[in-house]
Every structure is written in C-alpha cells, then in structure tokens.
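Asker: Line order of the protein sequences matches chains A and B.
Going by the numbering used here, the first residue of the first sequence is number 1070, and it counts up by one from there.
Going by the numbering used here, the first residue of the second sequence is number 1070, and it counts up by one from there.
Any given hint might turn out to be false.
No distinction is drawn between identical chains; accordingly, a pair holds when it is met within one copy or between any pair of copies.
Said to hold, decoys possible - Below, computed lysine-lysine pairings styled on DSBU-like, alpha-carbon distance capped at 35 Å:
id	residue 1	residue 2
1	K1198	K1077
2	K1122	K1198
3	K1077	K1122
Since the hints were made in silico from the structure, they are not lab data.
Number of protein chains: 2
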Amino acid sequence: MSHGAGGKASRRLVEGLFAPLLLSGSDGALTDAAHIEIGGAPVHFTTDSFVVKPLRFPGGSIGELAVNGTINDLAVSGARARAIVVTFILEEGLSSSVLEAEVRAMSAALSRAGVAMVGGDTKVVERGKADGMYISTAGIGSPIFGITIDARTVRPGDRVLLSGPVGDHGITILLARGELDLEADLCSDTRSVLPMVEALAAEAGPGIRWMRDPTRGGVATALNELARDCGLGVELLEEEIPIHDAVRGACELLGLDPLHIANEGQFLAVIAPEYADLALNALQQTEGGDDARIIGQIREEPANAVLVNTRYGGSRIVDMLVGDPLPRIC
Amino acid sequence: MSHGAGGKASRRLVEGLFAPLLLSGSDGALTDAAHIEIGGAPVHFTTDSFVVKPLRFPGGSIGELAVNGTINDLAVSGARARAIVVTFILEEGLSSSVLEAEVRAMSAALSRAGVAMVGGDTKVVERGKADGMYISTAGIGSPIFGITIDARTVRPGDRVLLSGPVGDHGITILLARGELDLEADLCSDTRSVLPMVEALAAEAGPGIRWMRDPTRGGVATALNELARDCGLGVELLEEEIPIHDAVRGACELLGLDPLHIANEGQFLAVIAPEYADLALNALQQTEGGDDARIIGQIREEPANAVLVNTRYGGSRIVDMLVGDPLPRIC
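Modelling step: build the complete structure from the supplied sequences, incorporating the hints.
Answerer: Next up, the structure:
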C-alpha cells in the first residue's frame, strides 16, 4: 500500500521503474505537470487518479476531487487548466444515483473553474473488482503569464508561503470512515487553488520560484522533494503553520504528524524575499486565502532536508512520508 | 456490465448523463478525441482506460494496449500522438515483476511509435479492490497535415475501407481466459495504426471523410455511430470483410457476430469514391495493411442504419452491440 501513498516508496517506484523506462525525456525533476510544445505553443499536461474511500465526505467527493486535483496540478505548475478528460472505472451494481451525483459534482467544479470537459471513457468491472468507482483525470493548460516554476531557481533566503491550514483533507477522510471512535467538526479543504495562484502571479509573479500542492504525503513530503531538487534546506517555524485544533488533536491521538497529512486545497510557494510581503498580501486578499502564512525560509543547511523549529525552541528534521498511515486518501 | 461494453447501453450513459452535464461545449458528434486550440495551436486530446482480463494475452498485454489505444484514438481523429500520460491503479500484492513487464511493454510501444510519456500517477488499493492493475492513459496530438475527419462530410457513394481482419482481439481475449473449451491459433491484433493512417493521409488525404477504430462494440457499433452521425446508410458486402477462420469458427460456436467483436489494431475509413483505389493501395503497401479491403459504401438508405449483404444473396440490418457478450475486453 505504501507504494501508492505518495511518500518514499512511491518515489522509489517512480525513480526506480517508471522514470527510467517511461520518462525518457525527463530532466530528473519530477513535477506535477509536464511542459511540452505543440505547434509552437507551450502546453502543460498532467494526470491523476482517484480512489478515495468513502466516495463522499464532509466538504467534497471523489468527482469534485478529480476535477480540482487536475486543475491544481496545472495551477502549481504555472498553468491555467484549459481542458480536462476523464475515465471512470465503475464496479458492477454501482447505483446510478451515486454515479450521477459524482458527474454533477464534476460539472459544478468545472463550471466554477471555467474549464471544459472534452472527453472521457467508462469501463465497468465485476462486483468486487473495484470499490464503487475509480476516476482518472488528465488536463492540459496554458502558461499563466509571467511566472516560471523551477526548483533549480530557489535560493537561500527565499520565503516559504503556505495558502492555509494543513491536514484538513486527510483527517476528514480518516474520520469519515468511521473506523475510529473520533468525531470532529471538520471538512475537507478540497477546492481549486487556481484563483489564489492567479492572484499570486498578478501581484508577485516575478518573485515566484516554485509551487506545489501538498496532497498525498503532505507538506513534509512536498518540501522534502523541493529540498532534494534544489539541494538546499527548508527551515519551517512550527508556530507559523496554520492547523485547525481538530486536526492537531486527531494527529496527537493517532501519533501522526500533521505535516504528513494530505491536503486537497492548499499550495506551497517559494517566493524571492523582496516579493514575500506582496505575495502574502495577495493571497490573504483572495477568497479562501485568509489563513495564508509565511511558514519558513530556504537555507544553505541542512542541505536536502526539512528542519522544523518547534514552538518550544527545539528543532527536528521532518522526512518524507514513510509507509502509508492513511491509505486511499485521494 | 453492459454500460461499459461500448455498445447501446454505453451510448445511453454517455448521451443521457455524461454529455449533458460534462461535455457542455459538445456539438453532438461524439468522436475519439476532442479538438481544441491552445495558444493558437490545434491540439487533439483523448483518454481511455484499460481493465482487460487477463493482463497478458497472445499478441499483447494491458500496458501495450493502453499506449496503442491512445495513439490509435488520436490517429483516427486525424492526429499524430505527441505526448501521453498514464495512471496505474494497482491491487495490493501485485507482483513487481508483473508491473515491470507492463512498464516495459509500454516503453516498447512508445519507442516504436516515437511518442513520449511525460507524466503519470500511481494509486494502490487493497487486495480484492482491483484485479491486478487498471491503467488509464491520456494523449495529446497535433493534426496530420491535410486531413479533416467529420461524419457530416460523408456522402452517398463514399467507400468504406477496413484495414484488416476483424475480431482477432476479442476472440483472443475470450480464449485466453480459458473458460471455454476452445483453442485456436490466434493473436490479438493490438498495434499502432498510425503508420497506416499516415500512409493513407499522404496518398489520399483529401479523400478521407471519417475514420474510427472499431474497438469495443466492433465494426458494427462504429459504423452504426457513423450512420447516425451522418444520417445515411452504410451498406457492407459480407464477403469482402476479412475474417480469420478461427474467429469465424469461434463466433459460430458462441452465437456471436464477428462485426460486434472488439479490435485493437484496425481502423475504418470512409473515402470519397475518386480516392478509393489510391487509399486501398496506400494501405496495402504499408506494413500490416495487406488485408485492407473496401468492404462497402455509403447509401441514402437505410438511413441511420448498417445493412450487410450476405454472401448468399440476402441482407440483414446489423445494430450496435447490445449487452456485453465479452466483458473486460480492453
């Protein structure tokens, strides 16, 4: 299961098997969307699959997640989604009302983002050969004017910006399964981050060095990948990282680190220091960006690692997610 | 199961639920790939999912099918694949050698076609929540110069061209499952049809009106969709349709119509009469196109239907596939 969790085992699978055999043109930095050129026009291209359990949860559902996930992967690669395609793998016997609800959720998410669905495919497998439905989406987008996302441009002194509270999605899913005797007033953060990314690009475009949406594996995994890709260290201030009490409480009870919990409506950005205030203001003035914070900065040391300064004056190294504490979170 | 079979129930699902809610910009003709414009450049965009059982079969495997399926959907829409993305949904416990074999099969198919894989995603679900592995691919392509595919341009008198024998893929899969007490010396026809489409475009480009790869639902379903989309009739000459003896025999035994059996390496084209000979020669001189035939022509009547003139002088109307005689064929 850990090979699908987005952490260390996933990265080993990608770097050990998929990249050498399949991504022959890859430059080594594994980003959320590929940049290619078609007929002279730059195109960003991405894909993702969704196996979240349960299909519906407080704040969202698999269909809405599938649309926003692809819009977000394009957004943090510096592109505005232009068209999406979808495949459904349905389990025989799935109620048509469940399918219709997800199609409607996708339709609403597409409308909100102003993105077109241009094609799709459906397969049905026998009862017991899927779990209700699985969805894959792929999207193409065109570059947002004036920004370039490249981990290799990150420099010591750059600021790390986070769009809002961490862990809401992962903990919401965990609680929605009802396997734990825990309840909390919590919703998934699933949403399109494109409006925030566009606001950031408009106000602080030249200062944006890198972005990523911290989904599976959480903020810690995304920033460890950044540290590795730029060869520098990421220093975080724990007290600056927004976390809802319910998430903090559930993590303490379960022995999980909120920095490893999946998010579906947040993004991280590395911003040149002279643009940091502009960037933060831009996010905070965009709907849904009130809780954006500068949570740390880039340092020479510890190279290739993420260091968290705790609220009690200590510090700890936070690694990528290892294993899979929360399977099928998206 | 029939909703995933590519025939009538699939079309009802697409037209009744997916198209009205999701494909808001659709013009009604459901094609294998969408045509959009990005930064002024025309881009074709398609997706498909693969749940074939077994994963490997004589002549191919799921990974190779996933790559060629997307290349072929683009090819019959009049485009050359430029980049592909992939998602894997893996069942916990899947052997790594099985996964590696499929990654290698994909890699080989990509190399043969000269197409780049530019990204992907992997999810793992618990044992019993998938059947080994499911794969979705999406692809973007750029138009092949000088051809336009549009069912609305089809005219009475146009010829129907078929690239090779029908039914090899579907019957191979059926036999590979070992549930029937039948054996035959038969391979799936899975392959890229792009070289044949490019040869056709080069020699008879202005004469090409429409193309389609007759996968799920077979030649009959593809041509019924054409008949409906152009409002004309398709008249086929049964004795001109190439069918291997093993396929004919298995179909007779099982009460199946070979025209409903899935193909993975064939395509249909409607060609203006003055280009028909050029087109046929172009295919027959391309590797793998020896068995190409003109199998019929477009008529005013029977409007919206497919008529087959049998080898014994009779004729019959062949409908789209109804139900799913062969689930999980691709």
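Asker: Each hint: holds or not?
Answerer: Checked hints:
1. K1198 with K1077: both (27 Å within a copy, 23 Å between copies)
2. K1122 with K1198: both (15 Å within a copy, 11 Å between copies)
3. K1077 with K1122: both (22 Å within a copy, 31 Å between copies)
No hint from the list above goes unmet by this structure.
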